[in-house]
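Undergrad: Okay, here's what each chain looks like letter by letter:
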Amino acid sequence: MLSFTLNGLRFKNPLILASGILDESGETMLKVIEHGAGGVVTKSIGRKPREGYENPVIYELPYGLLNAIGLANPGIENYGEEIKVAKKGGVPVIGSVFGSTVEGFVYLAKKMEEYGADAVELNLSCPHAKGYGMEVGTDIALVEEIVEGVKKEISIPVWAKITPNTENLVKIAKAVEGADALVLINTVKAMAIDIEAGMPVLSNKFGGLSGPCIKPIGVRAVYEVYREVEKPIIGVGGITYGRDAIEYLMAGATALQVGTAVYLRGIEVFSLIAKEMEEWMEKHGYAHFTELIGLAQVR
Amino acid sequence: MLSFTLNGLRFKNPLILASGILDESGETMLKVIEHGAGGVVTKSIGRKPREGYENPVIYELPYGLLNAIGLANPGIENYGEEIKVAKKGGVPVIGSVFGSTVEGFVYLAKKMEEYGADAVELNLSCPHAKGYGMEVGTDIALVEEIVEGVKKEISIPVWAKITPNTENLVKIAKAVEGADALVLINTVKAMAIDIEAGMPVLSNKFGGLSGPCIKPIGVRAVYEVYREVEKPIIGVGGITYGRDAIEYLMAGATALQVGTAVYLRGIEVFSLIAKEMEEWMEKHGYAHFTELIGLAQVR
Amino acid sequence: MYRVVEIEEVVTETPTIKTFFFRDNSEPQPGQFYMIWLPGVDEFPMSISYIGEIKGFTVKRVGAGTARMHQLQKGDKLWIRGPYGRGFRISQKKALFVGGGSGMATLAPLIDMMPGDVVIAARTRDELLFRKRFAGRKVYLATDDGSEGFKGFAHELVEKLLHQEDYEIIYTCGPELMMRKIIDIAISKGIDVQASLERLMKCGIGICDSCSINGYRVCVDGPVFFKDELVKMKDLGKYKRDKAGRRVPL
Amino acid sequence: MYRVVEIEEVVTETPTIKTFFFRDNSEPQPGQFYMIWLPGVDEFPMSISYIGEIKGFTVKRVGAGTARMHQLQKGDKLWIRGPYGRGFRISQKKALFVGGGSGMATLAPLIDMMPGDVVIAARTRDELLFRKRFAGRKVYLATDDGSEGFKGFAHELVEKLLHQEDYEIIYTCGPELMMRKIIDIAISKGIDVQASLERLMKCGIGICDSCSINGYRVCVDGPVFFKDELVKMKDLGKYKRDKAGRRVPL
Ligand SMILES: Cc1cc2nc3c(=O)[nH]c(=O)nc-3n(C[C@H](O)[C@H](O)[C@H](O)COP(=O)(O)OP(=O)(O)OC[C@H]3O[C@@H](n4cnc5c(N)ncnc54)[C@H](O)[C@@H]3O)c2cc1C
Ligand SMILES: Cc1cc2nc3c(=O)[nH]c(=O)nc-3n(C[C@H](O)[C@H](O)[C@H](O)COP(=O)(O)OP(=O)(O)OC[C@H]3O[C@@H](n4cnc5c(N)ncnc54)[C@H](O)[C@@H]3O)c2cc1C
Ligand SMILES: Cc1cc2nc3c(=O)[nH]c(=O)nc-3n(C[C@H](O)[C@H](O)[C@H](O)COP(=O)(O)O)c2cc1C
Ligand SMILES: Cc1cc2nc3c(=O)[nH]c(=O)nc-3n(C[C@H](O)[C@H](O)[C@H](O)COP(=O)(O)O)c2cc1C
Ligand code: FES
Ligand code: FES
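Residue numbers (this note's numbering), protein chains in the order written: chain A, 1 to 299; chain B, 1 to 299; chain C, 1 to 250; chain D, 1 to 250.
With the rest of the complex left out, here is chain A (with noise of 0.2 angstroms):
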């Protein structure tokens, strides 16, 4: 019911974890996998080893979390061995790199498809590295090459992840059509003070808001794509039970990413939402979950 092939790799169920979340070392991504999840995204690794920013680095919303690790990574040299255990899992593992220029994705893209990644993830998007991330996401020239410049140059699959921070989605969908796959939202920029201490939470000021509270603004993202690009589309933001893994399918997602959800259930999140997506499907008779995908799409 919850299996499927996506630009050629087979994931058990459409529900991977996002980049960002216990995905840093191949361990953990296999505990993860353990857990449920169809398929691992990497944290965005980048040429460089980064310590990201000093502590805090996260703060606990009501309805989500807002965050500013700023890119920590051990660097791409230093990261072949944690997806070679990480693939122990018999999962697609798919590498997620940030860079700032075309050269840069498609050195550390390379390096990913050397290490054995099943694809490569383009974050266009972390909303709160100088330099980085949407900076280079919403330079709708930048991001078009940069996705054109590493389809070029590897042969696994290329998915573009793309920043819900600009009122130009679906000129910037449009412009990393390029691409495999698009995966949409990374987190919303937003910062949080703490009162008492008259100064913002995070060490950097601005971070990133996942969780619950944007998973409208993701749903309207998919839905908006998906009408204009021809690609698969894979929704992330705010998944946490088996109705928004559905809500997300509708919406147009042919796949889906889950973090936030891991601090919510916990890393047994995976076989949850599984689980309440199979039950919804079987009291409503749907018999594969590509049946619901774009059905709330209003034409």
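Keep in mind the hints are simulated off the structure, nothing from the lab.
One should not assume that every hint holds.
[Unchecked claim] Per label pair, the in silico range of CB-to-CB distance:
hint, chain 1, residue 1, chain 2, residue 2, range
1, B, 283, A, 228, 47 to 55 angstroms
2, D, 238, A, 116, 20 to 28 angstroms
3, B, 196, C, 64, 15 to 23 angstroms
4, C, 232, A, 228, 47 to 55 angstroms
5, C, 53, B, 198, 28 to 36 angstroms
Quick reminder that beta carbons are idealized off the backbone N, C-alpha and C, glycines included.
Once you've looked at the hints, dock chains B, C and D with the ligands against the given chain A.
TA: Just chains B, C and D with the ligands now, with coordinates in the frame of chain A:
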């Protein structure tokens, strides 16, 4: 502790009713004033009467509201009486207007002035009306012209309400710096699908997200803009308790607007928040709320 | 968020009115209402007409939305949110209930809960709603065309009854002009009154102002209002607001 | 969201360790920890060292954050979130508690709650933490330099004690190399063991992967781990992850 003057207008407290909430009729605005609002902004009024979208126009979420009222309004020619009635409340009444051209905004603003409005708020940011709101409000040259055009033609203060649905927030803020104050944020573009119905809930499909879930986005917007523009900022988005009001002040807001909290805590929310602010300030040794403005800015 | 409830039974009450029975865990008070969404069609407010374990909406066909609802059958679904608003306040006073047309739907669960005499009014005999529902008490009927019971408007019958019995409170729901007259009677005779009002509703939760009458929001301050509030409503029976928010004659 | 607590008392335990007492409504288990934020300075994890109505953090000065904390005084504030993680599991077995350095802070509230003998280890006599806290039971001291009690490492003393008494479980917290040795001893002797681990923590809530060791997240799966888990941790005592997530030798 809470009274102040902004653009020459005297407010008994900084808690102003946000546009679109209980402000279509003069008598309802009077009720809101009786319950402690320091000022009221009218519903956004256009040139002609508009019925708005069909029901459902509102959707209750666990952490906010999604709405697509569709700029329903009686039209400017029918609005003089409402302003007259609202003015009996003895607090500033700000006329919100929406249009799609400089001339349109100017016409509406002049009418508001003629009706006795104490200031005009330009809605450059509604996320769900074709040809209005944020479609206008992300055209940087156009918003600048609108603000300048209106400024030239009326003598009451002009407030510019801008959208968070953009990567160009600061640029837009600078473009409208000719206004006497900036109001941010309007709702965040979003949608919800009812999975049992298999369709979007709002008849317009897309709507605007408001309430506690957008507070981190609004605080971020105020914080970002405060350091870049000289004009006072009016913070709005998720202000529900005294502590939220203080968070916005610390981010850089000079005054505040309250919308969705009227739904969450009732019409008495204005006096409740005012009381909570006073209690907090007393406990922390602040004599006047203006001492808090921009306190959390880290340079 | 909507809850989906399944229609368990449909009862045709009159040529234009049907009752839809369903189960739902909410615990409404008489006079409260729900917003019913028919996906792809419309969303509209509806009073609860049965408040027990099996609940009911009693719906008059007036426009596109209610017409679609009338086509629904056992097993079909309703999307609902609520209960919303302030219901009737039960009193120890000697009560007269006055329902006009589908207004009886709103009053009925209150009548089930407290003693008092009942006036059921309608244009014509076929439209008399719930005429068999209230056993063991005085039920007066009135029709505009005299096809059954008292011939004339409900408020005329009420004036007559007030000469016969010392009612201390009137509970009413029905066409606004009828309610206006009854409220005026109550004011002039110095008796108490509660009325459930109807206005165009968009949000149902007290923020859009579409249902307001003289500063009172029907959806949260009402729909049931008390005498001290009703006397202040200058527009009652005279003006309403249209979808654009214009104040227009009733 | 952080809670702000006020420091009610500061006790200097050793030249490098202070205890900060405060009140807070949370109900931690021994072995659980909090994230402490010193605005403008740093945020770091800290075990609860007193779990009653008056709670305590017992903090060793190691870097910038803990140094700043050592400057705080009565009346100053702490921003905290928690309690987090899985604490110790109380057992009926005959227990030996082995704390090294500030590790005693983590063990102390457990020792307060259950019987058993205690080993307090430190580099030197001045650093022996909580030597007077546990009345009415056997407390063995060990110092690396022999300035008090047993001269040598904690695990050496433990080996000796295991010859004297039939301990069935060891609870331990302290430097990782010490814990590694003690776990190895427990494995080889077939006795049970629980150890509270320390790793770099960014989120404290199980999502960032910075605290993971061989797939176990110290912040939510631990910080206290049981024997069947500890035996699987190949990196324990050998590798850790740095701030960039690189696997580096301890
Ligand atoms: C609190 C409340 C409780 C109600 N309870 C009941 C009930 O128990 N049974 C019942 O049959 N009806 C009840 N109604 C009325 C019901 O909501 C309307 O009949 C319904 O909205 C009409 O929808 P429609 O799509 O069929 O008609 P539309 O096509 O929307 O309209 C048909 C006509 O009715 C008018 N109209 C629609 N809604 C309203 C309204 N709210 N107030 C005044 N005029 C309106 C329109 O202007 C138009 O003239 C209640 C209304 C309210 C506000
Ligand atoms: C679950 C848990 C409970 C803890 N309980 C206590 C306690 O009760 N009492 C106590 O004194 N300390 C405790 N610690 C350790 C404490 O968190 C660190 O000492 C503190 O973070 C150091 O912060 P700093 O800013 O002073 O030092 P930094 O300037 O951040 O670092 C100083 C040195 O310590 C290292 N370091 C920092 N944090 C850690 C860490 N988490 N693991 C390993 N090395 C680290 C750094 O790499 C550096 O070498 C605990 C740690 C964890 C994970
Ligand atoms: C702590 C944290 C770290 C993240 N790091 C990354 C990252 O490195 N790269 C990336 O593309 N997205 C990153 N994200 C964004 C998530 O992958 C995801 O797009 C977002 O959190 C929305 O999904 P969610 O609501 O399910 O968490 C991070 C999110 C969180 C909460
Ligand atoms: C039902 C509703 C209607 C609104 N209508 C308008 C409007 O007409 N003009 C406008 O500028 N903003 C409108 N808004 C936006 C609010 O003024 C405000 O910017 C937003 O809701 C965020 O504040 P809040 O979280 O306090 O509600 C509306 C919001 C809601 C919820
Ligand atoms: S229906 Fe919106 S305020 Fe009553
Ligand atoms: S500290 Fe983030 S996962 Fe443990």
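Undergrad: Compare the structure with each hint and give your call.
TA: Here is what the structure says about each hint:
{"no.": "1", "hint": "B:283 to A:228: 47 to 55 angstroms", "verdict": "53 angstroms, holds"}
{"no.": "2", "hint": "D:238 to A:116: 20 to 28 angstroms", "verdict": "25 angstroms, holds"}
{"no.": "3", "hint": "B:196 to C:64: 15 to 23 angstroms", "verdict": "22 angstroms, holds"}
{"no.": "4", "hint": "C:232 to A:228: 47 to 55 angstroms", "verdict": "53 angstroms, holds"}
{"no.": "5", "hint": "C:53 to B:198: 28 to 36 angstroms", "verdict": "29 angstroms, holds"}
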